[in-house]
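Engineer: Those protein sequence lines, which keep their order, are chains F and R. Heads up: the first sequence begins at 1 in UniProt numbering, then just goes up one per residue. Heads up: the second sequence begins at 1 in UniProt numbering, then just goes up one per residue.
Possibly wrong hints are sitting among the right ones.
Each computed DSSO-like pair below joins lysine-lysine, with the alpha-carbon atoms no more than 30 angstroms apart [to be verified]:
no., chain 1, residue 1, chain 2, residue 2
1, R, K143, F, K317
2, R, K143, R, K304
3, R, K250, R, K337
4, F, K33, R, K296
5, R, K128, F, K296
6, R, K181, R, K143
7, R, K304, F, K317
8, R, K181, F, K33
9, R, K337, R, K296
10, R, K304, F, K297
11, R, K143, R, K132
12, R, K132, F, K278
13, F, K296, R, K132
14, F, K33, R, K348
Read the hints as simulated data drawn from the structure, not as lab findings. Remember, it's a predicted structure, so these values are computed and weren't measured experimentally.
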Amino acid sequence: MPAARAALHDVWNPEEDDALVCLDVQQETHDVKTFTFASREGKRFVFKAGQYFLFDLEHNGDAENRCYSISSSPHRTNAFSVTVKRVPGGKISNWLHDTLVPGATIKANGPLGHFVRPETSGRKLLLLSGGSGITPVMSILRELADSCEPADVVFMHAGRTPQDLIFRDELACIARRLKGLRLHFLPETVAGEPSWPGLTGRISKDYMRLAVPDITERTVMCCGPAPFMAAARTIAAELGVPGANYLEESFDAAVIDEPEIPAVQEAAARVFQVTFSKQARSIDVSGDQSVLSCAKKSGVRIPSSCANGVCGTCKSKLTSGTVDMNHNGGIRQREIDAGFFLPCCSKPLSDLVIER
Amino acid sequence: MLNKLPSSISALLDARANGHSLPAGLYVREDVFEADIDVFFHNHWICVGLDCDVPEPGDATVIDIGKTSLILLRDDDGEIRVLHNVCRHRGSRLLDPGKTIVSKLVCPYHTWTYELTGELSYAPHMGKDFDKECRSLKPVTFKSIGGLIYVCLSDNPPEDIAILEQAMVERLAPYDIRNAKVAFQTDVIEDGNWKLTMENNRECYHCSANHPELCVSFVDLDFGFDPETLSPEDREQAEEHLRLYEERTKAWESDGFPSAAVEQLADCATNFRTQRLIIAGAGESQTHDATAASSKLLGHMTRKDLGDTHLWGHNSWNHFMGDHAVVATVIPLSAGKTLVRTKWLVHKDAVEGVDYDLDKLTDVWVATTDQDADLVARSHAGTLDPAYQPGPYSRFSETNLDKFASWYIDRMRAHGY
Chain F
1 MPAARAALHD VWNPEEDDAL VCLDVQQETH DVKTFTFASR EGKRFVFKAG QYFLFDLEHN
61 GDAENRCYSI SSSPHRTNAF SVTVKRVPGG KISNWLHDTL VPGATIKANG PLGHFVRPET
121 SGRKLLLLSG GSGITPVMSI LRELADSCEP ADVVFMHAGR TPQDLIFRDE LACIARRLKG
181 LRLHFLPETV AGEPSWPGLT GRISKDYMRL AVPDITERTV MCCGPAPFMA AARTIAAELG
241 VPGANYLEES FDAAVIDEPE IPAVQEAAAR VFQVTFSKQA RSIDVSGDQS VLSCAKKSGV
301 RIPSSCANGV CGTCKSKLTS GTVDMNHNGG IRQREIDAGF FLPCCSKPLS DLVIER
Chain R
1 MLNKLPSSIS ALLDARANGH SLPAGLYVRE DVFEADIDVF FHNHWICVGL DCDVPEPGDA
61 TVIDIGKTSL ILLRDDDGEI RVLHNVCRHR GSRLLDPGKT IVSKLVCPYH TWTYELTGEL
121 SYAPHMGKDF DKECRSLKPV TFKSIGGLIY VCLSDNPPED IAILEQAMVE RLAPYDIRNA
181 KVAFQTDVIE DGNWKLTMEN NRECYHCSAN HPELCVSFVD LDFGFDPETL SPEDREQAEE
241 HLRLYEERTK AWESDGFPSA AVEQLADCAT NFRTQRLIIA GAGESQTHDA TAASSKLLGH
301 MTRKDLGDTH LWGHNSWNHF MGDHAVVATV IPLSAGKTLV RTKWLVHKDA VEGVDYDLDK
361 LTDVWVATTD QDADLVARSH AGTLDPAYQP GPYSRFSETN LDKFASWYID RMRAHGY
């Protein structure tokens with residue numbers, strides 16, 4: 001707990017302060033938790049909705065940095081929250097889920113980031129998020145609700161199933177009292193909730209045109225997994241949203257579903273160590289090569305056939321690390337969620353350990 | 001099939017006396033077993049599984065019947081498919097027996113790769129001019145009847161499945177078996193011929209002596225009794241029971257739940273019987289105290305007093321109750337070995353330990369299935385004994401066995417034996 005209530009003027013200073021205490025952990029969905037932190041000295045936090053904190057963690061003796069967007073309202077100054085999704089193979093998010101409990105201390109720098117509402121007030125907004133990309137736009141919405149600002153906001157949130165929609169109940173609550181807020185939930189499938197009353201699927205031009213007919217008049221703020229953001233960007237451009245009105249949380253700062261993925265550009269040039277745990281072999285694979293082709297060249301044998309993500313013969317368990325996989329139907333999302341990948345169509349984004 | 005010469009099996013068929021069990025050879029001979037597989041498992045509709053065996057796209061399960069192996073799966077559009085488990089290259093099996101998750105069907109031998117629709121999508125090293133058309137996995141004729149998967153491996157599937165379909169689609173609708181969940185499954189291999197397994201299931205003559213657990217909820221008199229051998233007291237009870245049936249059936253039907261018996265047991269290809277049966281005691285479910293095992297009822301069921309909708313086929317028996325269902329399929333493995341695969345179904349959102357207790361859900365039929373396995377083994381061992389001679393069926397409590405044996409002989413003859 002904070003040692004003592006600090007004087008009102010004591011504000012968290014990003015230059016000096018870095019010690020946080022975890023106050024609370026809240027289970028949001030089956031694989032998403034919200035962690036709330038206070039300053040150890042009880043200082044107030046001043047930040048803009050949409051910003052993030054950079055957490056310094058020690059994991060198995062290695063220093064790790066991860067960015068997590070603030071999900072709480074900037075009007076609440078005694079403590080802020082981040083909301084984290086458990087990611088298969090994601091070592092830091094899983095570590096947070098498994099070990100961070102109220103009372104634990106942690107170091108962080110921030111607030112950081114420029115994914116904030118444009119100054120020009122009165123602009124119409126489309127807050128668009130996929131998965132745990134909801135965090136920065138949730139902070140924005142909570143701020144609007146707290147400040148009772150006149151709002152004209154479409155809040156659109158996509159997730160795998162209705163049960164993966166984060167903050168679903170709270171959003172419904174806010175929508176009941178914040179005039180000028182329209183909610184759109186878009187689960188990919190109705191799994192777990194067959195009575196889902198709305199549409200399902202992925203965002204598309206047709207869906208967007210129907211749901212947000214005045215999209216060209218809105219400032220669009222988007223955050224989510226890379227493929228989601230890429231699709232949203234294309235759709236918005238095709239529907240005529242001027243580039244200047246389109247904001248997205250930059251790739252390396254966003255709290256997206258794959259938080260461990262460094263920027264692809266950077267990864268391509270790097271060389272990673274790929275370890276085959278059953279054969280006790282390690283090879284170097286550069287970020288622009290497929291794991292399978294490098295394995296073959298180095299004499300590591302993995303059963304394979306099509307070499308382009310169709311047949312799934314090379315399906316392997318990825319014990320640690322992340323890859324950029326471009327498969328053609330040879331693996332199911334369920335298998336990916338269970339930690340499998342196809343080496344034939346995957347480039348490393350970090351060091352890898354493969355159960356082969 | 002008139003072009004077949006009378007076989008040595010024909011003599012056995014001729015030897016069957018009306019009202020009597022079958023001659024020993026029909027239970028024990030290997031050539032009869034082969035003929036049975038051909039006639040009853042390749043040329044008739046058989047129940048092989050459930051929609052909810054493969055709840056999600058990519059779920060697949062393999063079912064072996066004789067030398068035939070089938071893949072039951074759900075494709076990427078959520079549709080059920082049944083395909084032959086034989087690669088179109090050199091015939092290798094694609095999937096191993098049991099359940100799995102697939103993204104494509106890939107032959108492990110030379111990695112010929114098929115879409116879940118069965119379409120061949122990738123065949124390495126076959127040359128650029130190789131025509132993949134007409135190389136899809138062979139589909140199997142099937143019907144999902146209220147969530148039960150019936151297949152027919154013949155090119156001429158019997159058309160009278162329509163009568164079963166007509167009766168069951170409406171009866172099964174409230175249970176929504178398609179969206180149920182398999183909470184538990186057992187595979188019991190009985191040491192006996194499949195016909196003894198089916199005969200054992202078609203009478204409850206043996207129930208009071210052998211199934212103390214089942215008799216709490218199941219009424220053995222439902223499948224016939226000899227009024228003369230009952231004590232006056234028992235007779236009165238039996239008559240009261242019959243009156244109750246009339247009354248309940250009328251009440252259920254007027255509430256919109258078809259309940260009267262529908263049966264097609266003789267002079268037909270597709271052999272089945274269904275009726276909504278009264279559950280004894282607490283009246284809710286086939287459990288050790290006849291109360292429901294799951295607090296979340298099946299499908300759209302809102303009441304627990306709708307009895308037990310039973311359904312027989314020639315290779316299956318099923319009980320659909322308010323809170324759960326027990327479905328069993330029978331697959332012959334050899335003349336003297338038969339697989340009985342039993343599944344317990346609950347509402348797909350029912351949570352074990354919260355909505356239902358797995359022991360309570362399963363203990364009656366686990367015990368009954370084991371007891372039946374023992375009875376079938378005794379029976380089969382007896383038919384192997386040179387002293388075995390077909391005996392008379394009871395005209396009160398084994399009439400359905402007489403019909404089954406007569407149907408069996410008829411269908412064998414219809415297929416040229």
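Engineer: Hint by hint, say whether it matches the structure.
Structural biologist: Against the structure, the hints come out as follows:
1. K143/R to K317/F: Since the Cα atoms of K143/R and K317/F sit roughly 37 angstroms apart, the hinted pair is violated (cutoff 30 angstroms).
2. K143/R to K304/R: 29 angstroms, holds
3. K250/R to K337/R: Violated. K250/R to K337/R sits at ~42 angstroms, over the 30 angstroms cutoff.
4. K33/F to K296/R: 29 angstroms, holds
5. K128/R to K296/F: Measuring from Cα to Cα gives roughly 25 angstroms; hence the hint holds.
6. K181/R to K143/R: 19 angstroms, holds
7. K304/R to K317/F: Between K304/R and K317/F the Cα gap is close to 46 angstroms, so the pair fails against 30 angstroms, i.e. violated.
8. K181/R to K33/F: 29 angstroms, holds
9. K337/R to K296/R: At roughly 37 angstroms apart (the allowed maximum being 30 angstroms), K296/R and K337/R break the hint.
10. K304/R to K297/F: 65 angstroms, violated
11. K143/R to K132/R: Within the cut-off at roughly 28 angstroms; holds.
12. K132/R to K278/F: 37 angstroms, violated
13. K296/F to K132/R: Roughly 29 angstroms separates the two Cα atoms, so the pair holds.
14. K33/F to K348/R: Status holds; Cα separation ~26 angstroms.
Consistency with the previously given hints fails for numbers 1, 3, 7, 9, 10, 12, ordered from lowest to highest.
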